[in-house]
Amino acid sequence: MRISNFCRHAAMLVLAAVAFPAIAQEAPDVLVKRVSGEVLQVVRTDPKVAAGDKQRVREVVETMLLPNFDFERMSSLAMGRNWSKATPEQQKQLIEQFRTLLVRTYSGALTQYKDQTIDFKPLRADPAATDVIVRSEVVRAGQAPVQIDYGMTKTASGWKAYDVIVGGVSLVTNYRDEFNEQIKAGGVDGLIKTLVEKNKGASGKS
Amino acid sequence: MRRRSNVPPSPRRIVAAVASAALLAGCAATPARDAPSPDDPFEPMNRVAYSVHEVVDGHFVKPMVQAYVDYTPQFIQLGIRNFFGNVDDFFSFINAMLQGKPDKAGHDLGRVITNTGFGIFGIIDVASGAVPKGEEDFGQTFGVWGIPQGPYLFIPLWGPTTVRDGTGTLIRVWYGPVGYLPYVPLRNIIYGIGAVDLRASALGASSMIDQASLDPYTFVRRAYLQRREYMVYDGSPPPEKED
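Line by line, the protein sequences give chains A and B. So for the first sequence, this note's numbering puts the first residue at 4; every next one is plus one. So for the second sequence, this note's numbering puts the first residue at 846; every next one is plus one.
Isolated chain A (complex conformation):
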């Protein structure tokens, strides 16, 4: 029964998630805070989102959230040591499919959104650091707050998120088990095939 609780937390990723092409030099915590605020604003006010228009929701995720993720880093972390075993072509496909999967997941989560408040904690990091964790907390009445942390890395085009950790559950770690399992069963190509089918199925349903 409480399996689902994790995913309910995951649904909150969205509220706190990352958006808009990053302004260079914007500090990671500032970036996360700004993007979360902007996405929340759209979710609260956009009539199409409120009406459950899936096309519009996907658009919001694509344009506001995704530009702030480093999908290559994310995919390589989720692959673990299998990453180096994949050919560059396979890696390219993996990044693409993983990205599509996350768009669908986020889109689903966004439509389940309810009013929440997000608190950001002060960033404790060396100003010269290129890899930081931005910490935030979603406050819910009558329930324990949920911590949402973002693993962020500094790239040429600004800070990008490579992991989202909801209540201690890291997205990347979770997918590492899933990917491993698929690779054990059918190799890297097997994993790609599963992802492609998954993404097709998901688009069929939505």
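Certain hints may be false.
Said to hold, decoys possible - Just the calculated beta-carbon pair ranges, DEER-fashion: (1) Ile1038(B) / Ala131(A): 52 to 60 Å; (2) Gly190(A) / Leu923(B): 49 to 57 Å; (3) Pro1083(B) / Pro50(A): 45 to 53 Å; (4) Tyr916(B) / Lys157(A): 49 to 57 Å; (5) Pro918(B) / Lys196(A): 44 to 52 Å; (6) Leu943(B) / Thr158(A): 42 to 50 Å.
What the hints assert, rightly or not - Heads up, simulated DSS-like pairs for lysine-lysine below, C-alpha to C-alpha not over 27 Å straight-line: (7) Lys124(A) / Lys196(A); (8) Lys57(A) / Lys203(A); (9) Lys51(A) / Lys196(A); (10) Lys201(A) / Lys946(B); (11) Lys907(B) / Lys57(A); (12) Lys95(A) / Lys187(A); (13) Lys36(A) / Lys95(A); (14) Lys88(A) / Lys36(A); (15) Lys124(A) / Lys946(B); (16) Lys201(A) / Lys88(A); (17) Lys907(B) / Lys124(A); (18) Lys187(A) / Lys203(A).
If you are wondering where the hints come from, they were derived from the structure by calculation, not from laboratory data. Ideal Cβ placement from N, Cα and C applies to all residues, glycine included.
The hints should help you fit chain B onto chain A, whose structure is shown.
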């Protein structure tokens, strides 16, 4: 995976489920084809339990709980959630004490006293504005004491757990205040409402699991184990080992 272990199904059902799980575990001792995950030596049996759970939950439990959410007035649902949450807070207090965390224990006890007194036996959560809710439980206490998780278990109608956490849940249910009610039908009604509330708190999430995961079973297992580790360490678990 927040554990609101206040009012799970019925204690008897859980004891039976755990016992039969343990029995089945014995039968399913044949090793899986690949090296099984060290956290989940009973994976074949757990997978069966998971499929059973999905069917029963999807066809019976979820529609019923959805009806409760749709047709019960909001303030009643909130009151029910707070009432059971207050009982949780009491057990969080006990466990914070057992873990040697007097500050947390103080917060939890403060919440219980405030909400029981001013919040009409906990149905109004007046304390939340001032003191955030604690979430200590027996499974975490055992973890803090250094007892390992033990094998992962999936129990139909309950969900993911481990030998350690499941033991904690049994203790929790056994000593829960509802168990002391002398009138059995009333007791069962309260357990029932608690179970519905517990499931309601997680509605809308199963579809997320289906959307996000390649294999829901693995996804749930990993998420559960990560979450519990995080809770035992109060939010700062040791860095995971790269494989």
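Hint numbers the structure violates, sorted upward? Numbers 7, 9, 10, 13, 14, 17 - these are the hints that the structure violates, sorted from lowest upward.
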